[in-house]
Amino acid sequence: MRVLFKQSYDQDIRIAKHRGHLIWYGLLLLSTLCAPLFVGSFYLGELSRVMILALAGLGLMFVTGFTGQVSLGHAAFVAAGAYANAWALSRGWPSLAAIPFAGFVSMLCGLAVAVPASRMSGIYLAIGTLAFAIIVEDGIIKLDGITGGNRGMAVEAPVFLGFRMWESWQLYYLCLFVLVACIFAVLNFMRSPVGRAMIAVRDSEVSARSLGVKVARTKIFAFAVSAAITGFAGALFSHYLQFISPEIFGVVLSIQLLLMIVVGGLGTVHGAIFGAALVGLLETGINLAKDYLPPGIGSQPGLEPLLFGIILVGFILFEPQGVYGRWVKIRSYFELFPLYRRKTFVRQRSYLKTDRMQ
Amino acid sequence: MSREAVLSIKSIETFYGPVMAVRGVSLEVRAGEIVAILGGNGAGKTTILKTVSGALEPRKGSVTFEGRDITGRYPDSIARAGMGHVPEGRELFPLLSVRENLEMGAFSRRDRGEISASMDLVYSYFPDLKPKTKVQAAYLSGGQQQMLAIGRSLMMKPRLMLLDEPSLGLSPLLVSEIFDILDRLNKEQGTAILLVEQNAHMALKVASCGCVMEAGRVVFEGDREKLLGSADIREFYLGRKSEGARGKRRWKQRKTWR
Numbered sequence: 001m002r003v004l005f006k007q008s009y010d011q012d013i014r015i016a017k018h019r020g021h022l023i024w025y026g027l028l029l030l031s032t033l034c035a036p037l038f039v040g041s042f043y044l045g046e047l048s049r050v051m052i053l054a055l056a057g058l059g060l061m062f063v064t065g066f067t068g069q070v071s072l073g074h075a076a077f078v079a080a081g082a083y084a085n086a087w088a089l090s091r092g093w094p095s096l097a098a099i100p101f102a103g104f105v106s107m108l109c110g111l112a113v114a115v116p117a118s119r120m121s122g123i124y125l126a127i128g129t130l131a132f133a134i135i136v137e138d139g140i141i142k143l144d145g146i147t148g149g150n151r152g153m154a155v156e157a158p159v160f161l162g163f164r165m166w167e168s169w170q171l172y173y174l175c176l177f178v179l180v181a182c183i184f185a186v187l188n189f190m191r192s193p194v195g196r197a198m199i200a201v202r203d204s205e206v207s208a209r210s211l212g213v214k215v216a217r218t219k220i221f222a223f224a225v226s227a228a229i230t231g232f233a234g235a236l237f238s239h240y241l242q243f244i245s246p247e248i249f250g251v252v253l254s255i256q257l258l259l260m261i262v263v264g265g266l267g268t269v270h271g272a273i274f275g276a277a278l279v280g281l282l283e284t285g286i287n288l289a290k291d292y293l294p295p296g297i298g299s300q301p302g303l304e305p306l307l308f309g310i311i312l313v314g315f316i317l318f319e320p321q322g323v324y325g326r327w328v329k330i331r332s333y334f335e336l337f338p339l340y341r342r343k344t345f346v347r348q349r350s351y352l353k354t355d356r357m358q
Numbered sequence: 001m002s003r004e005a006v007l008s009i010k011s012i013e014t015f016y017g018p019v020m021a022v023r024g025v026s027l028e029v030r031a032g033e034i035v036a037i038l039g040g041n042g043a044g045k046t047t048i049l050k051t052v053s054g055a056l057e058p059r060k061g062s063v064t065f066e067g068r069d070i071t072g073r074y075p076d077s078i079a080r081a082g083m084g085h086v087p088e089g090r091e092l093f094p095l096l097s098v099r100e101n102l103e104m105g106a107f108s109r110r111d112r113g114e115i116s117a118s119m120d121l122v123y124s125y126f127p128d129l130k131p132k133t134k135v136q137a138a139y140l141s142g143g144q145q146q147m148l149a150i151g152r153s154l155m156m157k158p159r160l161m162l163l164d165e166p167s168l169g170l171s172p173l174l175v176s177e178i179f180d181i182l183d184r185l186n187k188e189q190g191t192a193i194l195l196v197e198q199n200a201h202m203a204l205k206v207a208s209c210g211c212v213m214e215a216g217r218v219v220f221e222g223d224r225e226k227l228l229g230s231a232d233i234r235e236f237y238l239g240r241k242s243e244g245a246r247g248k249r250r251w252k253q254r255k256t257w258r
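Going down the list, the protein sequences come from chains A and B.
All the letters of the first sequence, read from the start, carry residue numbers 1 to 358 under our numbering.
All the letters of the second sequence, read from the start, carry residue numbers 1 to 258 under our numbering.
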């Protein structure tokens, strides 16, 4: 059992709250760094995909989980990042310029959508961002000269200091680096006044405004940063796919991202990672499990979405806080070791109060 | 005073996650009686009402309404059994008119023909609502909203009403007006009332008996005379200071129940 004795206010905003955090997250980082030594290239690719999803989820979490602005259009930012990166590489830019450029282009898209979106909320915002995503998808098709339209576009391998990175372990390290950097950036944002303002906007716009938070500016900031992070994810995604075409970045991807952070646990950085791991590995797992099923069942069309749906419904029914909720329970079991009581987390009845349309 | 109990609560415990808000409370409301639950913020008063009406689930103990066990049943079925809960903060339907709000109150009733009679009854108790019949509830003043909330609950002809802080946010004049109406309701309709109040002074004017809660427990109970006569109640809930020998209280003097 751990008892934290706080002696200064700085302890409240420290990223690692105690030595246990340092040790365990250090071990996690170490094991991800060593993974290419032990893991084959197929699984390395799967891990890269999970990290890219986690990065996009982190971006969406920034605006939806922390600022409370639901976005159904994040596929558009992924697309912007992916195409910007592919275009920059095709012009002979190095990746050190192309990936930040992808984030920048995506951020500009984010700003374009954020200025009108800062006046919307709830279901209207969801519709607005959805419309934006559809516009971007169509725009990509129309910008034939740059994007190749419906034919798609081949993506060159990332270039660092003149070296082409073809191998899957190189992409793995690139994804790992960008993901860790973005996690640290988000953690730092969240413990700064800007992060507090975002949480204030999420929890009560009236209170935030009355305490002097500039609500519109906070929302625009959140959208821009979120779009930039998602743009990085898009750039990496383009490398992962090696060939991009507009239909990849459709509404389904947006919904998948949103679903991912909800299943992971809304409002936490952990949630974005857990959600990506669950959704990403579930797909792989179902595909692998198919081989062991009797052929009559395994080859049925629609098996994956069915299983996927069942698992998600199960999560929503039994663990509405998402994977993060389960994580908190497991963690507190060990932290409180002999004193843990299941009933601590028993849910009391609650009745929803809706946003009233006025 | 040996009338039968409409509601009897036996040692209920209610939790919010890890927090134990009600720590074993037993209460009884007899037919045609007003019982007041007094106490400071966070004493667990509202939690008791919510547990009784089914909005929360007790982890231990039982709630019996008119001889039937209703522990853990859902609020809609408890409401249909004849218990009206007027929640804290009114919870009206803001976009519906006053009349439609009242009609919603009669939602579970089967005797369609007599609903308009009930509505006339509500208007006779709350004449202020009469000219506002077609106005959206969102545009009523705080006092009218409270009246509407009570009226809406009356529309289902409850045999027991649970009132949560009817004085919340109202001017002293309106508070006494509402309490007069509650008193009349109780006398004329015979509705038993379980009343949660911070305003002990007003509550004890209408209640025939009551209890004081602190930190989830009942620390003092009795009929009105006993409550009004107790030095502790006078001091801590009615705000009347009894002068000590030196004009100042000794620091050691505490409430009797601590």
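Any given hint could be a false lead.
What the hints assert, rightly or not - Straight-line alpha carbon distances no greater than 20 angstroms define the calculated EDC-like cross-link-like pairs of lysine to aspartate or glutamate that follow:
1. Lys343(A) to Asp232(B)
2. Lys132(B) to Asp111(B)
3. Lys157(B) to Asp183(B)
4. Lys343(A) to Glu13(B)
5. Lys205(B) to Asp223(B)
6. Lys157(B) to Glu100(B)
Keep in mind the hints are simulated off the structure, nothing from the lab.
Hints and how they fare:
no.: 1; hint: Lys343(A) to Asp232(B); result: 37 angstroms, violated
no.: 2; hint: Lys132(B) to Asp111(B); result: 25 angstroms, violated
no.: 3; hint: Lys157(B) to Asp183(B); result: 16 angstroms, holds
no.: 4; hint: Lys343(A) to Glu13(B); result: 13 angstroms, holds
no.: 5; hint: Lys205(B) to Asp223(B); result: 12 angstroms, holds
no.: 6; hint: Lys157(B) to Glu100(B); result: 17 angstroms, holds
Hints 1 and 2 from the earlier list are contradicted by this structure; the remaining hints agree with it.
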